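K.L.:
Listed here are the chains, written in short residue letters.
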Amino acid sequence: MQFELRLGQQYLPITEEAEVTFLLRLLRDSQKQAAEFPIDIRQVLDRSGSMSEPADGGLTKIEALKAAVKQSLELLRQGKDRLCIVVFDDEMQVILDPTVVSDINAIKRLIGGIDTGNTTHLSSPLRYAIDVGPMKDALPKIIIFTDGLVNTPSEDLEEKACYDLARQANKMGTPLAIFGTGTAYNERFLKRMAELAGRGSYFEHVKQVGAMRLRLEDDLENLKSVQDRDVRVIIQAEPPAEILEAFKYVPQQQNLPVSGKAVQDEFPGLDIRGQAYLIKTKVRTGNAVGDFKVAVITVNWQSPAGNVSKTFDVAVNFTSDENLLSPIDKTVRNTVLNTAAVEATLAGQFPRAQTLFETSGNQDMAEKVKTLGNGDEDKKRTLRTATVTDANKGITGKKGGK
Amino acid sequence: MAGEVECKACMTKNKPGAILCENCGDPLEVQVGTGVAMAVSPTPVAAASGIQGRACVLVQGGSKVADKEFERRMGRLYLKATGSAKTLIRPAGKTDWQEVKKDEEVELAITARFRFGGSEGYVIFEVV
Ligand SMILES: [Zn+2]
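Top line first, the protein sequences correspond to chains A and B.
Numbering of the first sequence is given in the numbering used here, commencing with residue 1 and proceeding in unit increments.
Numbering of the second sequence is given in the numbering used here, commencing with residue 1 and proceeding in unit increments.
Hints in this document: simulated from the structure, not taken from any laboratory.
Since the structure is predicted, the reported quantities are computational estimates derived from the model, not experimental observations.
Glycine included, each C-beta is placed from N, C-alpha and C at the ideal position.
Check before you lean on any hint, since a few could be wrong.
As the list claims (entries may be wrong) - Mimicking EDC-like on lysine to aspartate or glutamate, the simulated pairs with C-alpha atoms at most 20 Å apart in a straight line are:
{"hint": "1", "chain 1": "B", "residue 1": "Lys15", "chain 2": "A", "residue 2": "Glu245"}
{"hint": "2", "chain 1": "B", "residue 1": "Lys15", "chain 2": "A", "residue 2": "Glu238"}
{"hint": "3", "chain 1": "A", "residue 1": "Lys282", "chain 2": "B", "residue 2": "Asp26"}
{"hint": "4", "chain 1": "B", "residue 1": "Lys15", "chain 2": "A", "residue 2": "Glu242"}
{"hint": "5", "chain 1": "A", "residue 1": "Lys330", "chain 2": "B", "residue 2": "Glu29"}
{"hint": "6", "chain 1": "A", "residue 1": "Lys171", "chain 2": "A", "residue 2": "Glu242"}
{"hint": "7", "chain 1": "A", "residue 1": "Lys282", "chain 2": "B", "residue 2": "Glu6"}
{"hint": "8", "chain 1": "B", "residue 1": "Lys15", "chain 2": "A", "residue 2": "Asp321"}
{"hint": "9", "chain 1": "A", "residue 1": "Lys330", "chain 2": "B", "residue 2": "Asp26"}
{"hint": "10", "chain 1": "A", "residue 1": "Lys70", "chain 2": "A", "residue 2": "Glu221"}
{"hint": "11", "chain 1": "A", "residue 1": "Lys191", "chain 2": "A", "residue 2": "Glu159"}
{"hint": "12", "chain 1": "B", "residue 1": "Lys8", "chain 2": "A", "residue 2": "Glu358"}
{"hint": "13", "chain 1": "B", "residue 1": "Lys15", "chain 2": "A", "residue 2": "Glu17"}
{"hint": "14", "chain 1": "B", "residue 1": "Lys15", "chain 2": "A", "residue 2": "Asp291"}
{"hint": "15", "chain 1": "B", "residue 1": "Lys15", "chain 2": "A", "residue 2": "Glu16"}
{"hint": "16", "chain 1": "A", "residue 1": "Lys370", "chain 2": "B", "residue 2": "Asp26"}
{"hint": "17", "chain 1": "B", "residue 1": "Lys13", "chain 2": "A", "residue 2": "Glu16"}
{"hint": "18", "chain 1": "A", "residue 1": "Lys330", "chain 2": "B", "residue 2": "Glu4"}
{"hint": "19", "chain 1": "A", "residue 1": "Lys282", "chain 2": "B", "residue 2": "Glu22"}
{"hint": "20", "chain 1": "B", "residue 1": "Lys15", "chain 2": "A", "residue 2": "Glu322"}
{"hint": "21", "chain 1": "A", "residue 1": "Lys282", "chain 2": "B", "residue 2": "Glu4"}
Said to hold, decoys possible - DEER-style ranges, computed between Cβ atoms:
{"hint": "22", "chain 1": "A", "residue 1": "Gln71", "chain 2": "B", "residue 2": "Glu99", "range": "56 to 64 Å"}
{"hint": "23", "chain 1": "A", "residue 1": "Asn287", "chain 2": "B", "residue 2": "Cys24", "range": "25 to 33 Å"}
{"hint": "24", "chain 1": "A", "residue 1": "Asn323", "chain 2": "B", "residue 2": "Asp103", "range": "24 to 32 Å"}
{"hint": "25", "chain 1": "B", "residue 1": "Glu104", "chain 2": "A", "residue 2": "Ala262", "range": "36 to 44 Å"}
{"hint": "26", "chain 1": "B", "residue 1": "Glu99", "chain 2": "A", "residue 2": "Lys310", "range": "25 to 33 Å"}
{"hint": "27", "chain 1": "B", "residue 1": "Cys24", "chain 2": "A", "residue 2": "Lys108", "range": "54 to 62 Å"}
{"hint": "28", "chain 1": "A", "residue 1": "Glu322", "chain 2": "B", "residue 2": "Thr12", "range": "17 to 25 Å"}
{"hint": "29", "chain 1": "B", "residue 1": "Asp103", "chain 2": "A", "residue 2": "Arg232", "range": "40 to 48 Å"}
{"hint": "30", "chain 1": "B", "residue 1": "Glu6", "chain 2": "A", "residue 2": "Leu244", "range": "14 to 22 Å"}
{"hint": "31", "chain 1": "B", "residue 1": "Met11", "chain 2": "A", "residue 2": "Gly348", "range": "33 to 41 Å"}
{"hint": "32", "chain 1": "A", "residue 1": "Asp364", "chain 2": "B", "residue 2": "Glu6", "range": "29 to 37 Å"}
{"hint": "33", "chain 1": "A", "residue 1": "Gln168", "chain 2": "B", "residue 2": "Glu99", "range": "53 to 61 Å"}
{"hint": "34", "chain 1": "A", "residue 1": "Glu367", "chain 2": "B", "residue 2": "Asp103", "range": "47 to 55 Å"}
Turn these sequences into a full structure, and let the hints steer you where they fit.
P.N.:
Spelled out as structure tokens, the structure:
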């Protein structure tokens with residue numbers, strides 16, 4: 001693993017109180033290969049009645065989903081990766097028990113037989129996918145796809161049951177990738193599930209079901225590129241400093257809670273996208289001069305060679321020499337602006353989001369806010385997913401597939 | 001107070017280092033440049049096998065590379081000032097940067113910090 005630390009400003013004027021913002025990036029070691037861990041994919045797919053409605057390309061939603069899943073299977077490595085598929089309406093049906101893939105065509109035939117049914121009941125199939133349990137040394141992932149409101153037996157009971165399961169997934173270290181399509185599903189509920197499951201879990205709105213092929217392929221490519229696993233990052237403010245805000249960016253921008261003087265994050269594997277953290281601190285310097293330690297960063301992970309732990313300081317310098325003062329680092333500033341723009345987008349403050357994206361030079365996102373922000377609910381959901389996923393692409397590594 | 005940044009929108013005076021106005025959230029008009037990228041524990045300098053070899057450190061968002069040679073002899077670490085970028089080192093506990101002349105070699109403490117200067121900016125990293 002490689003680290004890059006970028007300070008908003010290295011040299012600041014001597015002052016009573018300052019703001020210090022820094023960007024920490026974790027990157028794969030460019031000189032090492034991926035570790036080739038087995039992948040353990042468990043798919044939980046919606047086949048409720050509404051999945052028979054038309055999707056893109058003249059297909060129904062269920063047909064488009066089945067085609068996407070079948071195509072993505074080509075990326076699984078025979079004799080190495082494990083797959084399990086369960087579908088649900090008001091009842092669940094196991095299509096494929098956890099199986100190390102060997103005959104992909106046979107699995108495709110099983111998927112071909114999936115048909116639509118009744119209402120939406122997610123907790124039982126999700127419980128099944130969690131109870132499947134771990135596969136030795138594998139990187140697990142549960143993929144959930146739905147187009148509906150979980151309403152059987154009731155929305156309240158289902159939501160509560162699913163939140164409990166998401167917490168269980170967190171304990172077991174099994175991240176969830178949750179996809180919703182259309183506007184009938186409850187976005188707040190699916191987002192919350194991803195938050196509770198943590199460890200790189202995420203929710204995404206899918207505008208076109210056919211696009212699921214790329215999304216599933218991206219996920220598989222990312223998992224295949226993992227070098228180091230069980231990564232744990234602790235950013236601890238030094239006493240005169242206080243962490244005001246903390247964000248992470250892979251798989252999506254996420255506001256991290258600050259507990260006491262520290263921020264902590266865990267994720268299952270460092271893949272080709274790397275990881276990035278933006279930390280904003282307030283430092284009571286009391287007119288100190290010279291080097292000033294703001295925070296200590298500790299990163300633990302498991303490399304193929306064993307457990308590794310690295311600790312390093314974040315320090316700035318206060319100086320009276322005006323010639324030494326640094327300008328604000330462009331990458332840090334743009335990340336701050338993009339991050340605030342994403343938050344504004346999520347809060348529905350589209351004009352502010354557009355201004356912030358424009359100031360950071362992110363024309364692509366500014367344009368998206370302008371066109372999608374004024375659109376219908378489907379477009380607004382598309383916009384929210386696009387901003388949290390793509391607004392800060394520049395500070396993460398290459399995205400697999402896309 | 002020195003280094004305060006006034007917000008053009010609401011006139012609030014912000015602390016040095018601020019990027020967004022703490023009052024209204026608008027972007028502050030600040031001088032922007034390429035700052036410091038610290039490759040913390042860069043490979044291969046701090047490779048598990050010991051600190052040895054050539055340090056390739058990315059400068060300016062990965063577009064430029066500063067090459068410096070490191071060699072470990074008899075348990076000591078040496079830096080040779082090769083490449084085009086100016087080489088500055090700051091011994092542990094000192095506050096001043098000292099230039100290492102081209103092709104000169106210096107012994108480094110394991111905790112030394114050093115800085116590679118050049119027209120494109122510079123890189124600081126610590127050997128850990
Ligand atoms: Zn203001």
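K.L.:
Hinted pair, alpha-carbon criterion (20 Å max): Lys15 (chain B), Glu17 (chain A). Please report holds or violated.
P.N.:
7 Å, holds
K.L.:
Hey, Lys282 (chain A) versus Glu4 (chain B), does the alpha-carbon distance stay inside 20 Å?
P.N.:
14 Å, holds
K.L.:
With respect to the beta-carbon atoms only, verify the hint that Glu104 (chain B) and Ala262 (chain A) lie 36 to 44 Å apart.
P.N.:
42 Å, holds
K.L.:
Okay, Asn287 (chain A) versus Cys24 (chain B) on CB: inside 25 to 33 Å?
P.N.:
28 Å, holds
K.L.:
Please verify whether Lys8 (chain B) and Glu358 (chain A) have alpha carbons no more than 20 Å apart.
P.N.:
This hinted pair holds, its Cα atoms lying about 17 Å apart.
K.L.:
Starting from the hint 56 to 64 Å, judge whether the C-beta atoms of Gln71 (chain A) and Glu99 (chain B) obey it.
P.N.:
59 Å, holds
K.L.:
Compare the distance between the alpha carbons of Lys330 (chain A) and Glu29 (chain B) with 20 Å, and conclude whether the hinted pair is satisfied.
P.N.:
OK: Lys330 (chain A) and Glu29 (chain B) at ~12 Å, within 20 Å.
K.L.:
Given the hinted pair Lys330 (chain A) and Asp26 (chain B), is their Cα-Cα distance within 20 Å?
P.N.:
Within the cut-off at roughly 17 Å; holds.
K.L.:
I want to verify a distance hint. Is the separation of the beta carbons of Cys24 (chain B) and Lys108 (chain A) within 54 to 62 Å?
P.N.:
56 Å, holds
K.L.:
Check whether the Cα positions of Lys282 (chain A) and Glu22 (chain B) lie no farther apart than 20 Å.
P.N.:
The hint holds at about 11 Å.
K.L.:
Take a quick look at whether Lys13 (chain B) and Glu16 (chain A) sit within 20 Å of each other, Cα to Cα.
P.N.:
Holds: Lys13 (chain B) and Glu16 (chain A) sit about 14 Å apart, inside 20 Å.
K.L.:
Is Lys15 (chain B) close enough to Glu322 (chain A), meaning Cα to Cα at most 20 Å?
P.N.:
The hint holds at about 17 Å.
Hints 6 and 31 from the earlier list are contradicted by this structure; the remaining hints agree with it.
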